[in-house]
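K.L.:
Sequence:
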Amino acid sequence: MVGDGHRAAGTPLRAAQDEAGVPPGVWKGRGLAAVGLTAGDVVTERQAELLLGEGRHPDADRIERELLEEGRSPAKAQRATVLGRPIEHNKSPKTEKAKERTPWLAMDLVFRAPSTAHIAWALGDDETRRVLELCQDIARDKTIAWFEDSVAEIRWRSGGKIRKPVRDGLIVAVFRHYESRATESKPLLHDHAVVSIRARRPDDRGTWGNLSADSLMTHIVAADTLYLLYFMEEVSARLGWAWEPREVTPGRRPVMEIAGIDQRLIGWQSTRRQQIEDALPVITAKYEEKHGHAPGERAAYALACQAADQTRPPKRTELRSLTELRKRWRESAIRAYGADIVDRLPERARAAAAVVWARVRSVVDIALAAVDVVAVVYVMRGAFKRHHLLAEARRYLSYVLRGRPHQAGLDEQIVQAVVDDYTRPAGRRMMTADLRALYPRDTEDQAVLRPLTRKRTASPYERARLAAGALRTRVHAVRRADRLGSRSRPHAVAVPAAPMSRLQPTRTERKAGRVSEQATDVAAMDQTRRTFEAAAAKMAAKLQDGVRDRAVASGPRPQPTAPTTPPTHTQQPGAQPPPGRTTGVA
Numbered sequence: 001m002v003g004d005g006h007r008a009a010g011t012p013l014r015a016a017q018d019e020a021g022v023p024p025g026v027w028k029g030r031g032l033a034a035v036g037l038t039a040g041d042v043v044t045e046r047q048a049e050l051l052l053g054e055g056r057h058p059d060a061d062r063i064e065r066e067l068l069e070e071g072r073s074p075a076k077a078q079r080a081t082v083l084g085r086p087i088e089h090n091k092s093p094k095t096e097k098a099k100e101r102t103p104w105l106a107m108d109l110v111f112r113a114p115s116t117a118h119i120a121w122a123l124g125d126d127e128t129r130r131v132l133e134l135c136q137d138i139a140r141d142k143t144i145a146w147f148e149d150s151v152a153e154i155r156w157r158s159g160g161k162i163r164k165p166v167r168d169g170l171i172v173a174v175f176r177h178y179e180s181r182a183t184e185s186k187p188l189l190h191d192h193a194v195v196s197i198r199a200r201r202p203d204d205r206g207t208w209g210n211l212s213a214d215s216l217m218t219h220i221v222a223a224d225t226l227y228l229l230y231f232m233e234e235v236s237a238r239l240g241w242a243w244e245p246r247e248v249t250p251g252r253r254p255v256m257e258i259a260g261i262d263q264r265l266i267g268w269q270s271t272r273r274q275q276i277e278d279a280l281p282v283i284t285a286k287y288e289e290k291h292g293h294a295p296g297e298r299a300a301y302a303l304a305c306q307a308a309d310q311t312r313p314p315k316r317t318e319l320r321s322l323t324e325l326r327k328r329w330r331e332s333a334i335r336a337y338g339a340d341i342v343d344r345l346p347e348r349a350r351a352a353a354a355v356v357w358a359r360v361r362s363v364v365d366i367a368l369a370a371v372d373v374v375a376v377v378y379v380m381r382g383a384f385k386r387h388h389l390l391a392e393a394r395r396y397l398s399y400v401l402r403g404r405p406h407q408a409g410l411d412e413q414i415v416q417a418v419v420d421d422y423t424r425p426a427g428r429r430m431m432t433a434d435l436r437a438l439y440p441r442d443t444e445d446q447a448v449l450r451p452l453t454r455k456r457t458a459s460p461y462e463r464a465r466l467a468a469g470a471l472r473t474r475v476h477a478v479r480r481a482d483r484l485g486s487r488s489r490p491h492a493v494a495v496p497a498a499p500m501s502r503l504q505p506t507r508t509e510r511k512a513g514r515v516s517e518q519a520t521d522v523a524a525m526d527q528t529r530r531t532f533e534a535a536a537a538k539m540a541a542k543l544q545d546g547v548r549d550r551a552v553a554s555g556p557r558p559q560p561t562a563p564t565t566p567p568t569h570t571q572q573p574g575a576q577p578p579p580g581r582t583t584g585v586a
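Read in my numbering, the sequence shown has 91 at position 91, and its numbers run on one by one without any break.
Quick caveat, the hints were computed from the structure, so don't treat them as lab data.
Here the structure is a predicted model, which means the values were calculated and not measured.
For every residue, glycine included, the Cβ atom is placed at its ideal position computed from N, Cα and C.
Please note that the accuracy of each hint is not assured.
Claimed, not checked - Below, in silico cross-link-like pairs of lysine to aspartate or glutamate (DMTMM-like), each with a Cα-Cα straight-line distance of 25 Å or less: (1) 327 <-> 125; (2) 164 <-> 203; (3) 76 <-> 204; (4) 327 <-> 133; (5) 327 <-> 347; (6) 142 <-> 168.
As the list claims (entries may be wrong) - Ranges of calculated distance between the beta carbons of each label pair, as one might list FRET restraints: (7) 290 <-> 399: 56 to 62 Å; (8) 73 <-> 36: 21 to 27 Å; (9) 305 <-> 399: 22 to 28 Å; (10) 289 <-> 362: 50 to 56 Å; (11) 70 <-> 165: 30 to 36 Å; (12) 238 <-> 214: 32 to 38 Å; (13) 149 <-> 469: 31 to 37 Å; (14) 344 <-> 36: 47 to 53 Å.
Please construct the entire structure, taking both the sequences and the accompanying hints into account.
P.N.:
If you want it as structure tokens, here you go:
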């Protein structure tokens, strides 16, 4: 609530926040109405203590006082302010598990923008700073709304075995921080969204219970990719900037950054990351010496967390306001790279955006998106669940659109296309890629993905990209062969890409019309092709009539002494002409 500052005993919360240079927290979420709060209200110290520290109503003092005036006992008055079960229930000595149980009343979700957004927010003018903060607010609130609509579940009955959607929504306290914990203060615009675990059940009485924490944690990565997608769209719409991928670690998944911002500024801002990277080789060498092999993917992540903990600096005692921080950041960047790099940052971002928009289309091909998503998730995970596909689909949209707005529900359409067309069950609640569906016509090519999953010399993401490229090439080849096979003239008119049902004839009942954002009507495509064929035939007939009229007007020509010409055969649409003979109209 006070950032990285120290709060002396007896200091009011608001005074401590002013000294720390952080704004006061605000309430968010649709569940606020159930406890008498409004979105945007300031989070007071007593409200946070009651709700997030004791699991009670944020206005419990008033409610308890009124009940005491009505004649209730102190114990009953206090129990009436508890939302759900009281914390004392977890301290019951009846069972050993109850003794070990620790109350969990909230969880912290951190919304952090990309590095280049921090740089533009810290070094730009006040107007740019306010716009980027607004983009942060919108992207964060939309992500919290998605949690409320699609993810949040409440535990039901004994042991919480039954899960149901929450009745009202979530109760969230949002706290904004401005800087990182690096030795030298660096800009890091991020929000801490503290979600209360208390929520109302969807019953007639409106009783309170606990959220299913594992449901929220399972969708953390999908929420992170959704937040980034929304943030990119807001920045592009309000500032006219575009985005491009940047490879942070060779062979690993790239991150999206604002195009046109000097890469040296990213190194200037990411000093905390450099501290972790300097300590990681020492920790990795100790691991290899102990276990006799290099760490795998999970072990490498654990070692990176260990390096972050070891290099984490203590909280600073010298605190500054945001105005003073931005002044110091600007002076530091100018000393390091010059005033031209800093002052022309927005101008260069807009110029780079024009180049990106010139080569990026705003249309998403769902067929290609589906094969890309299933290839990446299959190679990197083997067996997966729906939320893994959802996170990868949102990464795909971020990479393809580069900040352009996407149609609502497009990520779910891509995931549904993958589930329907390219997956098969793989154990309890798991699925994997269906290679026969990916290669329906020649089974010899179905093993193209298997060697990629066993090629340990390359990183998982490199193998995933190779697999995705192979599948995209396959889809393009099938589409091209399908178009060529449907031509009735040497030159055909270009039509939209064929639907998935023509790529896989055995699954037509589940694949009608998944080609782009807008549904493609197969009948309309066939009608368009027939219209152009009829026009071409009519033109050919007119040209033949003209040739015949000119021949009659000029009189009979001498016939060469050659064998009698065989009778002319009418070529059927789609048939090949006999060898050595030219038919049709060029």
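K.L.:
Give a verdict on every hint.
P.N.:
Going down the list of hints, with the structure as the test:
1. 327 <-> 125: The given pair, whose Cα atoms are some 11 Å apart, holds under the 25 Å limit.
2. 164 <-> 203: At roughly 10 Å apart (the allowed maximum being 25 Å), residue 203 and residue 164 satisfy the hint.
3. 76 <-> 204: The given pair, whose Cα atoms are some 23 Å apart, holds under the 25 Å limit.
4. 327 <-> 133: Satisfied, since the Cα-Cα distance of roughly 18 Å is no more than 25 Å.
5. 327 <-> 347: Holds. Residue 327 to residue 347 sits at ~20 Å (cutoff 25 Å).
6. 142 <-> 168: 16 Å, holds
7. 290 <-> 399: 56 to 62 Å: 38 Å, violated
8. 73 <-> 36: 21 to 27 Å: 24 Å, holds
9. 305 <-> 399: 22 to 28 Å: 27 Å, holds
10. 289 <-> 362: 50 to 56 Å: Holds, at about 52 Å.
11. 70 <-> 165: 30 to 36 Å: 35 Å, holds
12. 238 <-> 214: 32 to 38 Å: Taking Cβ atoms as reference, residue 238 and residue 214 lie about 36 Å apart, which means the hint holds.
13. 149 <-> 469: 31 to 37 Å: At 35 Å between Cβs, range holds.
14. 344 <-> 36: 47 to 53 Å: 50 Å, holds
In this structure, only the earlier hint numbered 7 is contradicted, and the remaining ones agree with it.
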